[in-house]
Amino acid sequence: MKLPRRAAGIIVLSAAAVTCPLVARAATTTLYVDKTASGCSDSGPGTATTPYCTVVKGVSKLAAGVTLYIGNGTYTETVKPAVSGTSGAPITITNWPGRHPVLAPASYGANISSRAYITLSGLTFTGTRYDGVYVSGSHDVTVSGNTVSGAGQPVSGKTAYGISVRGSTASVVSGNNVHDNFGTGILLTSGSTGILVDGNSASFNAEGFRRNANGINVISPGNTVLRNVTHDNEDSGIQFYTGGNNNLATLNVTYNNGDHGIDDLNVTGGRLIGNTVYRNCTTGINVEGTSGNYQVLNNVAVDNAVYPAYKGISCSRRAGNIGIWDSAPSSTTVDHNLVWLTRSGKLYAFGTTYTSLAAMQAATHQEAHGVQADPQFVAAASWNLRLTGGSAAIDRADSGASGEQSTDLDGNPRVDDPGTTDTYAEGPRRYDDLGAYEYQP
13 MKLPRRAAGI
23 IVLSAAAVTC
33 PLVARAATTT
43 LYVDKTASGC
53 SDSGPGTATT
63 PYCTVVKGVS
73 KLAAGVTLYI
83 GNGTYTETVK
93 PAVSGTSGAP
103 ITITNWPGRH
113 PVLAPASYGA
123 NISSRAYITL
133 SGLTFTGTRY
143 DGVYVSGSHD
153 VTVSGNTVSG
163 AGQPVSGKTA
173 YGISVRGSTA
183 SVVSGNNVHD
193 NFGTGILLTS
203 GSTGILVDGN
213 SASFNAEGFR
223 RNANGINVIS
233 PGNTVLRNVT
243 HDNEDSGIQF
253 YTGGNNNLAT
263 LNVTYNNGDH
273 GIDDLNVTGG
283 RLIGNTVYRN
293 CTTGINVEGT
303 SGNYQVLNNV
313 AVDNAVYPAY
323 KGISCSRRAG
333 NIGIWDSAPS
343 STTVDHNLVW
353 LTRSGKLYAF
363 GTTYTSLAAM
373 QAATHQEAHG
383 VQADPQFVAA
393 ASWNLRLTGG
403 SAAIDRADSG
413 ASGEQSTDLD
423 GNPRVDDPGT
433 TDTYAEGPRR
443 YDDLGAYEYQ
453 P
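Quick note: to get the numbering used here, add 12 to the position in the sequence shown (first position is 1).
No false leads were mixed into what you were given.
Quick list of in silico lysine to aspartate or glutamate cross-link-like pairs, EDC-like style, CA-CA up to 20 Å:
(1) K92 x D152
(2) K358 x D347
(3) K73 x E89
(4) K323 x D192
(5) K358 x E300
(6) K69 x D54
(7) K92 x D54
(8) K358 x D386
(9) K358 x D338
(10) K69 x E89
(11) K73 x D54
(12) K47 x E89
(13) K170 x D192
Derived CB-CB ranges, DEER-like:
(14) V390 x G412: 26 to 32 Å
(15) A375 x G255: 30 to 36 Å
(16) R222 x A385: 34 to 40 Å
(17) S126 x G412: 37 to 43 Å
(18) T98 x S53: 26 to 32 Å
(19) D54 x A182: 33 to 39 Å
(20) P453 x H377: 31 to 37 Å
(21) T40 x S126: 21 to 27 Å
(22) W395 x S168: 28 to 34 Å
Just so you know, these hints were derived from the structure itself, not from any lab. Predicted, not measured: the structure shown is a model, and the values here were computed from it. Cβ coordinates follow ideal geometry from the N, Cα and C atoms, glycine included.
Work out the full structure: start from the sequences and follow the hints.
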């Protein structure tokens, strides 16, 4: 071995004495696909000037830290990454800015299985045979800002989900428009946990041959369903089903669905905080079966189970704006909720049904800070369920409730309305409003 030479007190290492480690890195950080570009080529460099022609080719070139931009055209290919990103160098698959790609393959629209640190955004998936976006056995995956429609067929055994997350963790489904699928819009199942479902719209999802498709269906524990709007779905707007324990639903708006606004069946430890639930076919907020240990606080529930909803379905099942049934009453807390009917019907259920809040309070000693009053929506007929001045929902919530948010569905801050006394409010902020929207005086 050659020893270092010494010169003027400085050790100088010869090239032979030093071995520099090689650092693997992607050759480029951006790739492009656009089948409509005249110069596209799958044997080319995948640059903005010479993009690939096919999604499969673009996806095959992905590596940690790379963004794949997909341009105009309809692609009958599945987005199926073969590699993962890293926490410091995630992979992004998205639309080429200003362009509008459509993915319409015969299989899945996107299949992200056993992968990590991948973002899928800005794409349109339509008419897929299987789920529009399928995420399985993965973590740190973000599905954001996509439009998903037409998944599956209205035939038994051929239905599909708009977006499904299965056996995955620490992931986000946000800002998607999931509509007119032949099955539930968004599904969390197979033990998926730590999933944030935030700011999505899920509407007009239906199997077509039976009442079964939900806007959002959660069959896994420990997830958050936040700031979503679900409406005109064949079954419930949001459903927590057996296995969906200890989930939080807050600041959601759900209306005109064919069953409940928010349904909880055989689940425990749930929190339903600050949602607006309007004119659904049956009980607006429903907790039943073996469910228990629920917190139902700060919600607005109006005109549920008294009007036909989705496609005029007759609503002859369980009634009430809020219904706590079966084994649920003994361990469930309800308080700070506003309920209201514009026609006669069952207003509330807590073990048994009541036609007035006062009767329910006297019989159960629950809902001490609740109110039976017109919420004074801005325009209920056009589904604008924000509050107007003078609403009994203003400055009435418990801001200390677990899961209560410091901003509303629109991102507006909590503000104190000077025209409202805060007599019934509780918590560190004595001016949070009930429901998903904060009145801005």
